[in-house]
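Participant: Residues per chain are reported as follows:
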Amino acid sequence: MTGLLLAVLAAGAAEIEIADVPLVEGEPVAVRVTGAAPGTPLEVTYRPGSELEHEESLPLDRDGAVAWRPAEPGLVTLAADGATRRVSVRFAHVPWSGVAVFLVAATLLFGGWRWRWCG
Amino acid sequence: MEVRGQWSSRMGFILAASGSAIGLGNIVFFSANAYKFGAGAFYVPYLVALFVVGVPVLLLELGLGSWSGQAFPQALHKIGGRPAEFFGWFGLVSATFITAYYVTILAWVLGMWVGAWGDALWSPSVALPAFGDGGLPAGAVPNPVASFFAMLSSWRNVLFVAVIWAFNIAIVWRGTKSIEPAVKLFVPLMWLFMLVLIVRGVTLPGGMQGVALLFTPDFSLMGRVEVWHGAFSQIFFTLSLGFGIMTAYASYLPKRSDQSASGLMIATMNCAFEMVAGFAIFSLLFAFSVVPKASTLSMMFFVVPAGIAAFPAGVKLFGVLFFTLLLFAGLSSSVSLVEAMALAVCDKLPHVRRSTVVLGVSLFGFVGSTLFAIPKVIDPGLDGNGTLGLSLLDLVDHWAFSYGLLLTGLAETIIVGWVLGPATLREWLNAYGHLRVGKWFDVLVKYVIPAILLFLLLYSATNEVRDGLYGHDMAGAGAPFAIGALLVWLLGSLGVAGVLTMAGAPEGAAHRVEVAS
Numbered sequence: 005m006t007g008l009l010l011a012v013l014a015a016g017a018a019e020i021e022i023a024d025v026p027l028v029e030g031e032p033v034a035v036r037v038t039g040a041a042p043g044t045p046l047e048v049t050y051r052p053g054s055e056l057e058h059e060e061s062l063p064l065d066r067d068g069a070v071a072w073r074p075a076e077p078g079l080v081t082l083a084a085d086g087a088t089r090r091v092s093v094r095f096a097h098v099p100w101s102g103v104a105v106f107l108v109a110a111t112l113l114f115g116g117w118r119w120r121w122c123g
Numbered sequence: 414m415e416v417r418g419q420w421s422s423r424m425g426f427i428l429a430a431s432g433s434a435i436g437l438g439n440i441v442f443f444s445a446n447a448y449k450f451g452a453g454a455f456y457v458p459y460l461v462a463l464f465v466v467g468v469p470v471l472l473l474e475l476g477l478g479s480w481s482g483q484a485f486p487q488a489l490h491k492i493g494g495r496p497a498e499f500f501g502w503f504g505l506v507s508a509t510f511i512t513a514y515y516v517t518i519l520a521w522v523l524g525m526w527v528g529a530w531g532d533a534l535w536s537p538s539v540a541l542p543a544f545g546d547g548g549l550p551a552g553a554v555p556n557p558v559a560s561f562f563a564m565l566s567s568w569r570n571v572l573f574v575a576v577i578w579a580f581n582i583a584i585v586w587r588g589t590k591s592i593e594p595a596v597k598l599f600v601p602l603m604w605l606f607m608l609v610l611i612v613r614g615v616t617l618p619g620g621m622q623g624v625a626l627l628f629t630p631d632f633s634l635m636g637r638v639e640v641w642h643g644a645f646s647q648i649f650f651t652l653s654l655g656f657g658i659m660t661a662y663a664s665y666l667p668k669r670s671d672q673s674a675s676g677l678m679i680a681t682m683n684c685a686f687e688m689v690a691g692f693a694i695f696s697l698l699f700a701f702s703v704v705p706k707a708s709t710l711s712m713m714f715f716v717v718p719a720g721i722a723a724f725p726a727g728v729k730l731f732g733v734l735f736f737t738l739l740l741f742a743g744l745s746s747s748v749s750l751v752e753a754m755a756l757a758v759c760d761k762l763p764h765v766r767r768s769t770v771v772l773g774v775s776l777f778g779f780v781g782s783t784l785f786a787i788p789k790v791i792d793p794g795l796d797g798n799g800t801l802g803l804s805l806l807d808l809v810d811h812w813a814f815s816y817g818l819l820l821t822g823l824a825e826t827i828i829v830g831w832v833l834g835p836a837t838l839r840e841w842l843n844a845y846g847h848l849r850v851g852k853w854f855d856v857l858v859k860y861v862i863p864a865i866l867l868f869l870l871l872y873s874a875t876n877e878v879r880d881g882l883y884g885h886d887m888a889g890a891g892a893p894f895a896i897g898a899l900l901v902w903l904l905g906s907l908g909v910a911g912v913l914t915m916a917g918a919p920e921g922a923a924h925r926v927e928v929a930s
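Residue numbers (my numbering), protein chains in the order written: chain Z, 5 to 123; chain L, 414 to 930.
Keep in mind the hints are simulated off the structure, nothing from the lab. Treat the hints with caution; some may be incorrect.
[Claimed, not checked] Partial selection, computed: residues in chain Z whose CB lies under 10 Å from chain L:
id : residue
1  : P26
2  : V108
3  : F114
For each residue, glycine too, the CB sits at the ideal point set by N, CA and C.
So that you can see chain Z by itself, here it is in the shape it has in the complex (with noise of 0.2 Å):
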């Protein structure tokens, strides 16, 4: 229950702009930090709060704008100058390990309920 903590954010001058379009794996979109100091990097952080989660650091350029690539599907949460901002990051193709994931899962769970009717 440690996650419970809560940190109340200071709202921040900068504001975090994305093109509005869903965010797909590998496709590049627009981003853009209004009112960030200048050399501000876009801070990126994939599957925040689990054990996968790991950064990358994009620079802006003068206006604040910066073409990002997303490296991967899942929660993401961008960063930059005390702004951060939530996006889903969509998967390119079907998944299909998560298909077969899936399939195993249910075979055995649920496929252990016809044992009810055994006796």
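Dock chain L against chain Z, hints included.
Facilitator: Just chain L, lined up with the frame of chain Z:
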């Protein structure tokens, strides 16, 4: 002397046992753990853990109940005398600590359920006068968070504790006669409500992408010990093992009942519910880009409500539905916890009326639940747990839940594996079971499961030594509280277990069974 009850049907028993296993953790904690450990990568160790530890220990506990016809401590007494019985009581007293704070959490669910009918939880900002210098202004934290802490810091939550205990007493009062109708109502409704939430979740834009995220593995994580530790712990806790519940419930079955098929049914039903709950939660997380925390409370009270608040329509309806689902799931689990203890005391002291025992256990639990609901704000900045009650709950949960159940599980597998002999229990299960239990059961119960449980305990204990008690530096301000909670749980459980072991005579229980048969 009262006659021992029996389930009126096998379906009644299966619904009661699966209702016990399916609790708050199935709905939210599984998803939090799955996200933390790489989603699909968590599923493979999880399924391995289900069949290597979950199903065998469940069969063991069910077998103990029908073989002995008695509650958990008395069943262990039949194998190893008073020393074995002591471990049974230790598990039940630890479970009673858990019952106390579990009811408090359910009381908070009730408080949020009441709040879900209004607007404050969902739209207008809520100020928190009790927090911060002069209070936190409206909008300082998201509304579900503010509503939760507003409720937590008022004495209203003690009233909710009383209401939840009243429900528990009413359901447990007549044993199987009152538990069975309740679970026959709760469990189907839980599935129905979950189905509604799944349909809503997967039809949100990006909802199915969340489901894909739940199952798609990153195999690089599977070599890490933390993932396997998380999966085996999850299975042990999700099936309500080590609480003595399954033994108590199975002791209400006729001797000739099929335990092996029932055990597999209960285990798969529980894990299937977790799987579909993952559908609902992950679709919501992805659709609204909500980052989960590996905590039941934050998932229940902040993360999922934040997602529901973002629904384009029907926010109140789905909010009320979600908290109703939590209430049903929580109540079907908490009544089983109360019943496991009440039945054990009844079996131990057959001349005491059941109603007296139920009230005694409930009074003890109510006092504990009230302590965990104390609304005194000790952390105005909300950097920690906020109130005294929640901080106590956090500490007791860490020791009683993370260590108490695994210690009991280790003791019961050693007692059955090395004193009774697993073959005796396997032959008992096979005598009336259509699904034959093979010799793999003997190997798992005698060697593999004790080794795994010992590893889980040592791994956690090593982390305590390395990182400080529950993350508290031994020289830090939090250490005395962590040590205090450890001593209260450990000495309390050992002391009460010792007294109960020496009290009365287990023969009384056998007499009660004869009366019933």
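Participant: With reference to the structure, classify each hint as holding or not holding.
Facilitator: Hint check results:
{"no.": "1", "hint": "P26", "in the structure": "holds (7 Å)"}
{"no.": "2", "hint": "V108", "in the structure": "holds (7 Å)"}
{"no.": "3", "hint": "F114", "in the structure": "holds (6 Å)"}
Checked against the numbered hints above, the structure breaks none of them.
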